[in-house]
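Engineer: From just these sequences and the hints, can you work out the full model?
Chains as they are written, first to last, in this note's numbering: chain A, 1 to 139; chain P, 1001 to 1170.
Take every hint as true, because none was put in to throw you off.
The list that follows gives simulated cross-link-like pairs (lysine-lysine, DSSO-like), each with its CA atoms no further than 30 Å apart:
hint, chain 1, residue 1, chain 2, residue 2
1, A, Lys-62, A, Lys-47
2, P, Lys-1042, P, Lys-1131
3, P, Lys-1042, P, Lys-1062
4, P, Lys-1042, P, Lys-1073
5, P, Lys-1042, A, Lys-122
6, P, Lys-1062, A, Lys-122
7, P, Lys-1073, P, Lys-1062
8, A, Lys-22, A, Lys-62
9, A, Lys-122, P, Lys-1131
10, A, Lys-22, A, Lys-47
11, P, Lys-1073, A, Lys-22
12, P, Lys-1062, P, Lys-1131
The set of hints was computed from the structure by calculation and includes no laboratory data.
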Amino acid sequence: MYSTFQLYNHEVIETEEDALSKTFAALADPTRRAILARLAEGEASVKDLAAPFEMTQPAISKHLRVLERAGLIEQGRQAQWRPRRLRAGPLREISEWVNQYRRHWEESFERLDSYLRELNDKQEQGNGDDDDRDPNRPR
Amino acid sequence: METTMTETRIDRGSTNTTTIYSEGGDLVFERTFDAPREQVWKAFMDPDLVPRWWGPHGTTTKVAEMDVRPRGKWRYVSSAPDRDDVAFYGEYLEIDPPARFEWTFMFDVEGFGPQGGPETFLFEDLDGRTKVTSIGHMGSAEAIEGALASGMIAGAIGTWDRLEALLAEG
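Structural biologist: So, in structure tokens, the structure goes:
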């Protein structure tokens, strides 16, 4: 998702583009997502993959190369034809990771809210005249 | 919603308590808490308090390391009953109490190695309440689109078990 950074004297230097960024960039295109959904039904040739789109085979091949470099599909090894196959593992990893990242902050903030409420309830109970409490704070 | 969505800001599933949007290459979470800023800042910076709230529901966090100063390292280990422990780690970049800090947020993704990058946290005093903004710098709007689209793929494909069974058939 991010490019990987390294720190050196407070300068942020970008290292080689990390695999996850490439993978996400690959998914940013709706044609490529449609190709993946098709491959989820089973392997297919370039010709089969091009059929639903009004696109030439070279144009589809360009998309396939992006998906391959991103680690999302692979080529079969039959002598006569090279079907493309989905690599389910990487795709599942990144799909779950995005949901996890979102859940992380959304739910951490929920838990933080509960913790702060508990903390302030305790303070109100413990101190009848807490000088630090803001008199304007709504109850 | 307190935050206005503009042409460059895209809502990413805000709820009635938490605003979530992307803007360019940033993914942003905002929430306002009924607590003074010093208290909220402390919740982030005190190693005894971080485990009280950090991480999704159902997880437990241990602070393995937390050296709160520029270039200082941090490391939290998150446990959950249904998976192996996950370590989150990084370095503090800038610290400006109680208004702002920036750090790197890293974790290991199976098959992809260490992932992550800089995150900025802002703490704004709103008359005794505190608005916290967390900004994940994803690098590009394209990376965000693709990341979020990956969830759509999962939906289009259906259950992973079914897919794996299909692939196992050869």
